[in-house]
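Residue numbers (the working numbering), protein chains in the order written: chain A, 1 to 379; chain B, 380 to 706.
These are calculated hints, taken from the structure and not from any lab test.
Among these hints, one or two may not hold up.
To be verified - If the Cβ cut is set under 7 Å, some of the chain B residues that face chain A in the computed set are:
1. Gln405
2. Val504
3. Asp512
4. Gln535
5. Pro539
6. Pro601
To be verified - Chain A stretches covered by chain B per the calculated footprint, using a threshold of three residues with CB under 8 Å from any CB of chain B:
7. 273-284
8. 318-331
Each residue gets a CB set at the ideal place from its N, CA and C atoms; glycine is no exception.
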Amino acid sequence: VTTLERPTSGTDVAARIDALRQRPEGADELAALLPENLPLYEGRSAAEMGRLRGYLLAAFADTGLPDAALPYVIESLESGHIAYEVAGAAIGLRGLDTPSVEVAVPLLRAIDNFTGSDATVSFETYNPAWPYTQPTTALTEVVRTIGHLGARAGAALAELERLAQQREQFSAPVLKEMRRVLDEAGPGSSHACCADLALPEPVQDHPATATRLEDQDGRPERFEDFFCGKPSIVAFFYTRCDNPYKCSLTITKLAALEASLEERGLAGALRVAAITYDPEFDLPHRLRRYGTDRGMRFGEDTRFFRVTAGFQELRRRFDLGVNYGTSTVNRHQSEVYVLNREGDIVASFTRMRWEIEPVLRAAGNLLAGNGTTTAPAPR
Amino acid sequence: VSDQAAEDLAEQLQRQVGEARTAHAQYLAELAATAAASRAARSSRGERVLGDEDEDPAMTVLTDTSLPEETRVEVLRRLASSLSRRDEFIEALLAIVRDRSDSAAVREVALRVLGSAAFQVDRFVPHQQAYEDALHDLVADPVPALREAAVGILAQRHDPVVQETLLRGLRGEGPLPVERERAILLLAEDDHLDNLPWLQELYGSGSEDAREQAVRFMGSYPAARTTLEGVLRDKRESTGVRQQSGAALRYLAPDRFEAVAKEISTDTSDDPAVRTASLRALQHLGNTARVYADTDFVARVRDVSSDESAPQVAEVARELLEQGPNP
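Using the sequences and the hints given, assemble the complete structure.
Shown next as structure tokens:
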């Protein structure tokens, strides 16, 4: 499936998804289509990427949801900002048969994200024309999935009881779905069922590259000169990202992380950086403005970069979860890495929403002399 | 203002407020009478009348399609804020907007009232989805004004359904709900779509205003750098389009803009307005220190500053020199 190349139309990709969803072994092949950096996705617009992602994720409801696909479903639930994609993720989660996985948090985040911005979507075909014959909405599907998972949705069912009282926050159809789910669940069915979500994280170790950088003040820098010599924390982003739950949130958190380092007296011991996915557009003044607006305090050890040469090397080095349309990024994951003083990756926080403390712990282990060559458990 | 003038003004304002109150009270009385007649007529026909429970005359009149459209439009215009205060009233407005058999004028004003109500985000949340569904319905409405309004609202929200409709229309795969030029500009609001080919089409075939908009939006596309530079240099192009192209190029590639602006601003055969704008941009917006450090350019500006054939350009050139490190 992944050998499908860019000329394949979105409709043809969807037809392939439809064929795979009918087959028992289709789940793994569908999962192989999930990484956004496949050649198949190059040159597509962000809108088409969002539509394909939603359609693909929804197919796991038919095939069952393999472990490899779960991080992608969770990513879309907690960080998706397009109703179609989130609805697809919610539908796909119904293919989950692993009872030990905690999915309440991403489901509730999806409800929080879409309260007030829900939209009518449809999965009757790929890209159906308006008016839809089988309309639904992102929130309707999230609520339906909570009902489908029952106790496996953990605290989400209990929270649904509270949300259903907030009539002014939801449309009538969503409230009706909430009531239906709660009525079917019956009294006392909502209890937390929490287990840590343990997902494998890639750990990579690459030799230095000839990647050339330029920082937020226009100063040139070699990759090795900044990222070697001290451990560092690096995030990826781009200033034109229109998803408030991805780049903007990542940089805001990076600023908070930087402040935490200062409070703990670690500011000089670690470097903090962010590198743009969109180096042609993200000129130095844009990097500075974007960071400053989100609380970054730039200094010698805290800098934002764009790549001026060797971007493909950098992309391979981090196996960046990003792809491009003809003008800019069409889709990307959230990704933050901890590098040792040789510039090698020792911990990765990718795909799902990252939190500050685990990143600090990974960096702290590094400073304490642990994990210079192996990854600390990042999640 | 003298005390007497202030008193006269206060008296005049009080009189105007009084007149407005009287007129409003008179309107409400007439509305109540119209509503009572409507209620009676509809009751005799066995129809349910919205607003009957608390005898809200505005909603009674608004939902009576047998009344003249001017009467119903007047209700919407005069009482818009009170019409969006209750859930069932918003639902009634949505029903009017979606009803293609109803008066186009009433539907248009009802859509505007809903648009205003949608700004009261907290109160409107339960209706937001139904409102957007209604807008999606209007994209294929036979009334052009309703179509254009709905497409405009949805496109500004980067709505995927309307974006797909516009793209299909531009590719000739379906009807375009708005003029082609407008469709391209609406899609251009979203720089994550691959709009550059459409913008280049618009630049090649559009009006002066459309060309100006096209180059403005091209500022989001690094691949448009060469086009923008070409437009900025094109002496046959209008001043406005060239200036907008310069702004877009400066946004996209400030270094490239600086080089081109230096050439244009000291080219005595070029449009004085474009030369002036280029000089001002160099003086105020870019890397000013680097501009003043370019001794060759500063020498050329000195020549321009004494060129009597282009006095406006000369004046701006003198300003640039005076504010430099070596005035």
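We went through each hint and held it up to the structure:
no.: 1; hint: Gln405; in the structure: violated (36 Å)
no.: 2; hint: Val504; in the structure: holds (5 Å)
no.: 3; hint: Asp512; in the structure: holds (5 Å)
no.: 4; hint: Gln535; in the structure: violated (13 Å)
no.: 5; hint: Pro539; in the structure: holds (5 Å)
no.: 6; hint: Pro601; in the structure: holds (4 Å)
no.: 7; hint: 273-284; in the structure: holds (count 3)
no.: 8; hint: 318-331; in the structure: holds (count 6)
Of the numbered hints listed earlier, those contradicted by the structure are 1, 4.
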